[in-house]
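Protein sequences appear in the order of chains A and B. When we follow the numbering used here, the leftmost residue of the first sequence carries the number 1, and every step to the right adds one. When we follow the numbering used here, the leftmost residue of the second sequence carries the number 1001, and every step to the right adds one.
What the hints contain is simulated information worked out from the structure, not anything from laboratory work. Wrong hints could be hidden among the right ones.
Here chain B is said to cover these stretches of chain A; the calculated rule only asks that three of the stretch's residues, wherever they fall, bring their Cβ under 8 Å from a Cβ of chain B [to be verified]:
| hint | region |
| --- | --- |
| 1 | 49 to 62 |
| 2 | 242 to 252 |
| 3 | 282 to 293 |
| 4 | 364 to 372 |
| 5 | 387 to 401 |
| 6 | 550 to 561 |
| 7 | 595 to 605 |
Predicted model, so just to flag it, every value in this text is computed and none were measured. All residues carry an ideal CB built from backbone N, CA and C; glycine is no exception.
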Amino acid sequence: MSDIKKLDGKVPAGDIQDKWDNHRFNMKLVNPSNKRKYHVIVVGTGLAGASAAATLSELGYQVSTFCIQDSPRRAHSIAAQGGVNAAKNYPNDGDSVWRLFYDTVKGGDYRSREANVYRLAQVSNNIIDQCAAQGVPFAREYGGTLSNRSFGGAQVSRTFYARGQTGQQLLLGAYSAMMKEVGKGKVKSYTRREMVELVIVNGKARGIITRNVVTGEYEKFSADAVLLCTGGYGNTYFLSSNAMASNGSAAWKAYKKGAMFANPCYTQIHPTCIPQHGDFQSKLTLMSESLRNDGRVWVPKAKADKRAALDIPEEERDYYLEEKYPSFGNLVPRDVAARNAKQQSDLGKGVGSTGVAVYLDFADAIKRDGIESIRAKYGNLFEMYQRITDENPYEVPMRIFPAVHYTMGGLWVDYNLMTTVPGCFALGEANFSDHGANRLGASALMQGLADGYFVIPFTLGNYLAGEDLINQKVDTSAKEFDEALTESEARFTKLLGINGNKSVDSFHRELGVVMWDNVGMARTEESLKTAISKIKDIRADFWKNVKVTGTADGINIELEKANRVADFLELGELMARDALERKESCGGHFRDEYQTEDNEARRVDDEFCHVAAWEFTSVDKEPIRNIEELSFENVALSQRSYK
Amino acid sequence: MSSENLMTLNLKIWRQKNNKEKGEIVDYTIDGISPDASFLEMLDILNEKLIKEGSDPVAYDHDCREGICGMCSLMINGQAHGPEAETTTCQLHMRKYKDGDTIVIEPFRARAFPVLKDLMIDRQAFDDIIAAGGFVNVNTGNPQDANAILVPKENAELAMDAASCIGCAACVASCKNASAMLFVSAKVSQLALLPQGQVEADERVKNMVLKMDELGFGNCTNEAECEASCPKGISISNIARLNRDFLKAAVTSND
């Protein structure tokens, strides 16, 4: 165990309010006329990637962006519904930078880095100003000012929104800012490209290898820095609310090249998703948790009550969240709401044909506010629900169940968003730093845009100037590029050559079931050990029996999927391993062995008030668990309570 | 939940190896389809079967499967995104069909959108149009407080209606002229309705329309098929606004 490293988050000195301002002053600057001499690669064009690409290009850097979709506008940030938080305090209800900071640290169950969270709260207001200036059509009041709503367990109304399509509108804002730079010839946008390797020269990230998914060609790109803005790894579970192509491969390549992976076990299971309906199901659909502002969650009091919802009288219904958490009621944080739904279903009180669902009932809200008022607030969500389930939620309660939604873990980054590989940065969901063990609603959009618009433009310049990279140019003729390209090509050739008898998806589904059953909402030492051993078996079977049709040239979707699933089969094991070693419960990581008398998460601060940062050794050897100590100087560690 | 009514379907699917070779319609029969499956899950089941047989699965674009990313497309029995109003293909469910139905599935077709393989097309042209002017020219920095820009609620709502466009290209595929007017007008309208977009309004509309023409999209002849096929219900009143703004820009231009 003597190999354990203690990582330094490089948090600047001083009072928490002053850290970012001081740091901005202390960081080195790149001379304006020198910026164009630097080339920056941005992988992924969601909120973090598009905002970073636009801003860095505006500053004068040469930027190339890469995305796997046919357009940068399609990144999965687009699917975020509810909103984006900021500490504007427009409604005058007591919000402040400090309160947003405090709520986010507490909501993350004291497992995030305080200084990062404070900076996030500080720049949150700039994000709203920036997006408004871009023409993002936020919801407005009659007087023309911006509307706010309360969201995801917050007791102030700090969430800005654009109907139920906030992610779409913020992403289109960032995309248009980026396309403005594309039009000027300053950003080069590469679409339908998948990053298949990170290239390291003299210990620094200096480029990537991509596979052009239309032609099958491998391409080499060199740069002075590489920004990974590639989202999370929720699709390890096969079924999740993530888009079909969302994957963990870019981060995983970086991990295998020396970037440590932090807290992989912190996954968010979102409480309000449409339940699974069959074995052919390809993904789960989330409905904004804003629904919990008006919907009441309940199950029948009796077990295995098969009556239709409307036939169950009021006194035989168990509004378990209102009962158990009188002050937050249906608005408890996501992890608490999700875990309670699972508990009810495990007790045999689940509803619907599968018994794996709970009701979310709008009858009282409709009686109180009128059907039109509910339609105005949630019309699009109700339509979506009806389209998928064929049931009318204005008449019968919705059936909901938790589903994998977001991953708080990700590449370890320091305060400057740099991974443990110099020159390789991680932004947005791809990094780990701001949400601790649980992310609050409307905080993902805030973090993605904070990283891209307001953090990386400063910290990247500091790195470039500090390393004097201007005098260390590297181009794609360096042997490291050829080695990386050969390595990637060999991997794809190997996948095509196995020619077994099971489809890629069948392995992915198999992995998903193991993950959901054993590394899901409630984990035990036994389930995690089972998961590790089963995942190893599936991985071995995959490399023997997977069948990838077609050839390496041209479009081959099966080959693309196989490459991603191969990585999920390693990532899943690391998630289980991290969950096994973290012998406590916190936020989205719930170990049955560590709970309070009220079945709430019981942290073990003496032993686990730290970030676990995993270091790759080799696929078949155990990785090394390094740590970064967390200290809470401004928000005192306490047991979260939402009662 | 009517999972007992499993269906057998006849599929006629456009297969095309790449953008150089000619394509053709190929017949498939598929059984055991649940009415609760989505249209794309039905295609997944077909592909799973093709893979087992060792044949090449059907390539089609899709990603979020929540009707918001704009990646999915498909002409289904001649209708963009299929028969259900204001619904993307990924949100279409098989309960719209009955046992024994024949379904013809083709790619979106337009000169500006070459077929890449089977049902996948290249929509780069839409990105090019946005890069020509679909933005407010403001750099990241310290803009004024968001509430310093007041926007009448009605305008904010209309701008949001227009901004709902997902860039899927159903409008182009449904138009006999393969015009991109609905797509372009949605972006022009969103920004024309907001104070933030006023400064460059003339330049924007001119540049975007010029780019659209240059890329080989056709003219609008008021057939309104675009509006009928739009999965987000974008109104053709946006085209009227674009025409007004374009005319105004042309008349007042200094060029």
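Three-residue Cβ test at 8 Å for the coverage of the region 49 to 62 of chain A by chain B: Per the Cβ count (4), the hint holds.
Proximity test - 8 Å, beta-carbon atoms, the region 364 to 372 of chain A to chain B, at least three hits: Our answer is that it is violated, as 0 residues pass the Cβ test (under 8 Å) against chain B, missing three.
Verdict on chain B covering the region 550 to 561 of chain A, criterion of 3 CB contacts below 8 Å: It holds, with 5 qualifying residues against the three required.
Within 8 Å of chain B (C-beta), three or more residues of the region 282 to 293 of chain A: holds (count 4)
Residues of the region 595 to 605 of chain A with Cβ under 8 Å from chain B, three needed, outcome: Per the Cβ count (0), the hint is violated.
Coverage assertion for the region 242 to 252 of chain A with respect to chain B, Cβ distance below 8 Å, three residues required: holds (count 3)
Outcome, coverage of the region 387 to 401 of chain A by chain B - at least 3 residues whose beta-carbon is closer than 8 Å to one in that chain: holds (count 3)
Checked against the numbered hints listed earlier, the structure breaks hints 4, 7; every other hint is satisfied.
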